[in-house]
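Trainee: Spelled out from the first residue to the last, the chains are:
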Amino acid sequence: MPIDFTPTDEQALVVETVRQFAENEIRPRARAADEAHKPADEAIQAAHALGLVANGLPSEHGGGGERSAVLGALVAEELAWGDLATALAILSPALVAYPVADQGSSAQQKSFLPRYTRDAFVPGALALLEPGFGADAFRPRTQARREGASFVLDGRKCMVPWLAGGDTVLVSADAGGTPQLFLVPRDAQGLVATPDFYMGIQALPTVELALSGVRVPAEARLGGERGADLARLIARGRVALAALGVGVARAAFEVARDYAKEREAFGSKIAQKQAIAFLLAQMAIEIDGARLLTWEAAWQLDQGETALREATLAIDQVRRIALDVADGAVQVFGGHGYIREYLPELALRNARGFASFEALALV
Amino acid sequence: MPISFELTEAARVAREHFHRMAAEQMRPISRQYDDHEHDLPREWVDWYWQVGRKGGPLVAGPGDGMVQVCMQAEELCWGDAGLYLRTPFAGLGGSAVAATGTKEQKERFLSVFQGDGGPAWGAMAITEPSAGSDSAAIQTTATLDGEEWVLNGIKIFCTGGEGASTAPGGFVVVWATVDKSAGRGGIKAFVVPAGTPGMTLVGLEKKLGIRASDTATLRFDGCRIPKANLLGSAEVKRGQKGGDKGFKGAMATFDASRPIVAAMAVGVGRAALDCLKEELARAGVQLRYDVAPAQQSALERDLIQMEAELQAARLLTWRAAAMMNRGRPNNLEASMAKAKAGLAVTKITQKAVEWLGPRGYSKQLLVEKWMRDAKINDIYEGTQQINLLIVARRILDYSSSMLR
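Residue numbers (our numbering), protein chains in the order written: chain X, 17 to 379; chain E, 2 to 405.
Hints are supplied without guarantee of correctness; some may be wrong.
[Said to hold, decoys possible] 30 Å max Cα-Cα, derived BS3-like pairs, lysine-lysine:
| no. | chain 1 | residue 1 | chain 2 | residue 2 |
| --- | --- | --- | --- | --- |
| 1 | X | K289 | E | K238 |
| 2 | E | K238 | E | K228 |
| 3 | E | K208 | E | K278 |
| 4 | X | K289 | E | K376 |
| 5 | E | K181 | X | K289 |
| 6 | E | K348 | X | K289 |
| 7 | E | K104 | E | K207 |
Because the hints were derived from the structure by calculation, they are not lab data. All of these numbers come straight from a predicted model, not from anything done at the bench.
Between the sequences and the hints, there should be enough to build the whole structure, so can you do that?
Mentor: If you want it as C-alpha cells, here you go:
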C-alpha cells in the first residue's frame, strides 16, 4: 500500500455523518452545557444511538467488531469540532470498554463489554491522573497492595470523568513496582468522589477520587494474572486526545476565518489584511500538520504497534497548536473574542487543557 | 485509497539506496566544498554522472512516484543540500520543460540527461535585481525577430546557473516578458541552451550556506534562441485572468517543485536532529516518551518538539506529493508543506546548534553548516511569506487582487 492520506469511502461516510451530527446536535448545545456545568444529555443519547463506541467492540460481546484507531481519530475530531466536553462524554464508555477489549482477560470481556453495546448509554471512567506536583500518569503514586485474593488500593486521582449512570472506573496504581489497572465499582467501599471543576470542559462532570483501603478481588486487575500495559493505553489516549485537539483547533480556525471575512475595518474585510490572513494561514498549516501526525500514530496502532513515540509526537504538537490556534481565534475576534457568546472563548479554555489531559478518551 | 503510511517495497529500497549514496559519496566531502565555495565538486559530479544517476531519476516531473522523489531529495539533502543542488540533473528548468513543454521540446532538451555525453545541468532563471517574489515585475524582455527570440536583461540567484549556462547539453529556462504592458500575461518562459552567444555568466554569489551550489548571475545581451524554444503559447492574454500555459505553467512548476524543496529542507533538518541525538546518546542522555509533559526536562521538551515539527513537515510534504501522483491540484498543499518545512528546519537546526553548545557552534561538526544550509529553505522557491500568502488566498477563497 503506498502512502496516502485519503479516507476510504466508508470512512468518509462515517465522518460526514458525525460531522453533521456535531453541527446539528452538539454545537447548538455546547455553550449552554458549558455555562450550566451539565452534560448535553440529548446529544449524548443521540450519539450513543450511532454506536460510535459499540461499533469498535468485539462482535462476540455484542459490538460491531470494527475497531480502527484511524476511524476513531476521524470521529473524535468531528465530535470535538462540535464541542470537546460533549465529545468526551460521548466517547466515555470507551474508557472502560476499550482497555478491557484490548488487554482484559476473557472473563473480564464477558463480564464488562456487553453493557457498553446495549441501547442504554453507560458511561465509562478512567482514573489515571493524580493531583500534586511531580505527578506522572506513567508512574502512579496510588498503591495497589496484594492481600491474599484481593488488591487494596490507596491514593488520590483527579480529572476523572464521572457521568451519571456509570458503574465502573478503571484505576491505575503501582502494584509492587509496575503500574497496573484495576476495574473498580464506582460504589466501592473506601472510594470517595468529590466533584472538581476546571477552566474548560465544564460540561463534562469530573471528580477527584480518594481511595482509602479500597478492596477489590484479584480478578479485578486488568488482564488478570498477566496484567496490563499502561503505556499502551496511554498511547491510545494520546492519539484520541490529539484528534480531539485537532477538532477543537479546526472549530476555532473556521469561526475565525469566517468572522475575518465578515468584519470590516478601514474600508476592507480584516481577512484582506496580511496581519490577519497570515495568522489564519499559519493556523491552517498547523492544523493539517497535527492531523497528519495524529493519523500516522493511529495507523501505527492499527498495525498492532504500541506507537508511543508517534502518539507522543502527535499530542506534543497538538498541545501547542490547539492553544495557539484558539488564542489566534480570540485575537482575530478582537474584543468579541473575549465574550462568552462566541466560540473562541470556549475553545481557548478547552485548548489549554491538553497540556494536562492524559487518556481522557481512547481510540 | 485508504489512509496509509506504509512505504512500498520500491520506496524502501530507493530510500536505502539514496541514503547510502548520501553517506558514502556526499558526507565525506561536505566540509571541503563548504570551505571552497566556488570549486566544482568533481568527485560528486563525476561519480553521480557515471554511476549515481543510473539508480533512478533524481527529479521526475509530475506523474508517478512523487513521494519517492521527495524521499530521494530528503536522503540526499541529509547528505548535503549544497552538493545536491550541484548535482548534474535537469533541475527546476527540467521540471518546467516537463510540465509545460511539447513532446518535441521534452525530447530535445531532456534526453541529454539520459545520454552518454559529459555532465549537464538544467536551471531556471526567474529572479531579477528588482523582481523576486513578485515575478510579474520581471524586466527581462523577449522580442520576436523572424524565426528567433531575442532576450535582453539580467537574472540573479539562478541556482545551478554556472553549470546550466556553460556545460554543453544543458539549458537555462529564462522568464521574460514579451509585452510589459500586459503584466503577468506577457510573461513567458524560454529555453536557452548552454553556450548560446549573448548569455554570459557574470559571477557567483557568496552565501550563508549551500555553498557548494552555484548561484549565478546571468546577463542576456541580444541573446538569440530559436522560436521553437518558447514554452507554451506566444499569445498574450490581458487582464487579471491573464496568462496562459506560459506564466501559469511556470507557476504550476512550483506546485511540483515545492514539495521537493520541502523534502530537501526536511533532509537538512533531519541531519541536524540525527547528529544531536547521536551526540546525546554518546553522552548517555536518553530521550523519554513515557513521561508527563510537566515532568519533561527542557532538553526532552525541545527534542520532542523538534521531532514532531520535522515529522509534521515531512507528512505535509508527502501529502502534497501524493496528491500530485493522483493528478489532483495541490497548490494549497504544496505551499503549506513548503511554508512548514522551511520554517521548521530553520528552527530545528538553530536549536541543534544551541543544545550542542560550543561543539555545535564549532566546525568540528557539520551542524553549524546545516544551520546555515537550512535557512535558504525558508527563502527560495517562494519565501515563507509568499507561501503564507498563497495559503491565505486559498483558505479565504480570495483572488490575488482581494488579498495583495
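Trainee: Take the hints in turn and mark each one as holding or not.
Mentor: Results of checking the hints against the structure:
1. X:K289 / E:K238: holds (29 Å)
2. E:K238 / E:K228: holds (19 Å)
3. E:K208 / E:K278: Cα-Cα ~28 Å, so holds.
4. X:K289 / E:K376: Holds. X:K289 to E:K376 sits at ~27 Å (cutoff 30 Å).
5. E:K181 / X:K289: The given pair, whose Cα atoms are some 28 Å apart, holds under the 30 Å limit.
6. E:K348 / X:K289: Holds, at about 26 Å.
7. E:K104 / E:K207: Roughly 38 Å between the alpha carbons, so the hint for E:K104 and E:K207 is violated.
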